[in-house]
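Letter by letter, the chains look like this.
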Amino acid sequence: MKEFAVFWGCTIQTRFPFIEKSTRIVLESFKLPYRDIDGFTCCPERSLVNNIDHGAFVVTAARNVALVDELDYDLVSPCTGCVSNLATVKGELKANPREKAEVNKLLKEVGREFKGTAKLQHLVPFFHDTVGVNAIKQKIKKDFSGMRIGIHYGCHMVRPSHALRNDDPLEPKKFDTLISALGAQSLQFMTKMMCCGQGLDRIDEHDRALHFARIKLKELKSLGCDALVLCCPSCFLQFDNNQFLMEKEGEKFGIPVIYFTELLGLAMGYKPEELGLDLHRVDCTPFVKKWESLSARPPKEDAIDDGLNAPGDI
Amino acid sequence: MLEATLNLKLLEQCSKCGACFSICPSCMHIPGYDPRAVIRDILDGNHDKWLSSRHIWQCLECHYCLEMCYQHYGFENAMTALRTIAAKKGIHPTQVKRGWEMFVKTSRLGEPALPARKKLGLPEPKASGADEFKKLFALLKAAREKHENPEGKGSE
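Going down the list, the sequences are from chains A and B.
When we follow our numbering, the leftmost residue of the first sequence carries the number 1, and every step to the right adds one.
When we follow our numbering, the leftmost residue of the second sequence carries the number 1, and every step to the right adds one.
Treat the hints with caution; some may be incorrect.
Quick partial rundown of chain A residues pointing at chain B, CB under 10 Å, derived from the structure [as the list claims (entries may be wrong)]:
| id | residue |
| --- | --- |
| 1 | Q13 |
| 2 | T14 |
| 3 | F18 |
| 4 | V49 |
| 5 | H54 |
| 6 | F57 |
| 7 | V59 |
| 8 | H156 |
| 9 | P160 |
| 10 | L170 |
| 11 | I203 |
| 12 | D204 |
Derived by calculation from the structure, the hints in this document are not laboratory data.
The structure presented is a predicted model; accordingly, all values stated were derived computationally and were not measured.
Beta carbons are placed, not taken as given, at the ideal position from N, Cα and C, and that holds for glycine.
Let the hints inform the model, and build the full structure from the sequences given.
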């Protein structure tokens, strides 16, 4: 497997260092060739930077990609926004040689060159495609059979598809495949692919952001969902933090929000506190307790053996 | 140079289509949010009507419209163009202003939470590329000025 740099992004390192922790734990346990490298900046965040200055958006992303190109690494990120922004610019420059030349003229003056050779992947499709379901299954100590999980893909894990090209942009499957591999049931629900709406919080429309979160949480609650699983810090902020704020106002959904790396870590035998589940705003203990009570049941084969060995009239 | 642009020919087609309307989350959940009205006004030369509207910022950039678009153009491109014009005029949301200022100043949207990292046993964060980024940003600005004013003549 080719070495890859991890692009942590601003949100994880600023607000959710425990996501970095669980990501490192799973990368380590799979002995994956990941590297931390100097020199990254913000990816940059599309809604803040691209809206104001498209050129700044392009050169900043191109520079980040150039850092990885130079080392002949690939890039993997546990943040959907970062990968999507970097890939969007990579796609734009590959399709526009003249623009690429303009950008490289600027980059040359700081000693860099954008080539666009590095593969840019989000952690979920990376685990699906590069690590593989079989390797994951071999690492599972205790699976999630009996648990009902609602997946939130996060728009930028799969879109824009011309740049990311990692799954179906409207009906993606890879995250579902991974969750099923962990033994859980991935619920199919109406609002599964609905945007989280966190962007509304960034334009001073907090009530509307809550409205968006509420729509999905309501549906998941009605379906008896045990946890909402996602792999995007912005969506995590929306469903964990904003759900907590609604709880404080007396509107309780009680849907734990679990990062993909945390769920994977739990299945591999790491403790909830090691993975940082105790640092979430919405309480994750109902999820962990139900899971523990399910796995306290005797294994299915025991019941069959008992039946086979039971006294009978044969 | 490296500026946002708007393709009116493609938007002309958009005004007759509306495939994005059926899937856009903001169209579904924000009363009054309607790409078709915005596109009509842009084509009629009344884009400035939207510059101070909340609606142009309520586009969540989820890229659904881009995926649905028969031209692979996407209504979001029209919204981005309007937002860029609004930002140039200084009529963008406070948090967007704050985020942009922080980005230009530090090259990031926040610094690693050091005490929490230590508690979690995470390694020291790697060096940021802030200095190089600042240089690059200055170069971009200089290149643009040169582009607009190639002979180096002042505007006075």
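Hint check:
For Q13 of chain A, the suggested interface contact is upheld, since its CB lies about 4 Å from the closest CB of chain B, less than 10 Å. A distance limit of 10 Å between C-beta atoms decides the matter here; for T14 of chain A the minimum to chain B is near 3 Å, and the interface restraint holds. A distance limit of 10 Å between C-beta atoms decides the matter here; for F18 of chain A the minimum to chain B is near 6 Å, and the interface restraint holds. Against a cut-off of 10 Å between C-beta atoms, the interface hint on V49 of chain A holds, since the closest Cβ of chain B lies about 6 Å away.
Interface restraint check: H54 of chain A against chain B, minimum CB-CB distance 4 Å, threshold 10 Å, status holds. Nearest Cβ of chain B to the Cβ of F57 of chain A: about 9 Å, under the 10 Å cut. The hint holds. The restraint placing V59 of chain A at the interface with chain B holds, with a minimum CB-CB distance near 6 Å, inside the 10 Å limit. Annotation: interface hint on H156 of chain A holds; nearest CB of chain B at approximately 8 Å, less than 10 Å.
The interface hint given for P160 of chain A is met, as the beta carbon of that residue sits about 5 Å from the closest beta carbon of chain B, less than 10 Å. Using the Cβ-Cβ criterion of 10 Å, the hint placing L170 of chain A at the interface with chain B is satisfied: the shortest such distance is roughly 6 Å. Below 10 Å, beta-carbon pairs count as interface contacts, and I203 of chain A has one with chain B at about 4 Å; its hint therefore holds. Interface hint at D204 of chain A: satisfied, since its Cβ lies 5 Å from the closest Cβ of chain B, which is below the 10 Å cut-off.
Comparing the model with each earlier hint shows no violations; every hint is respected.
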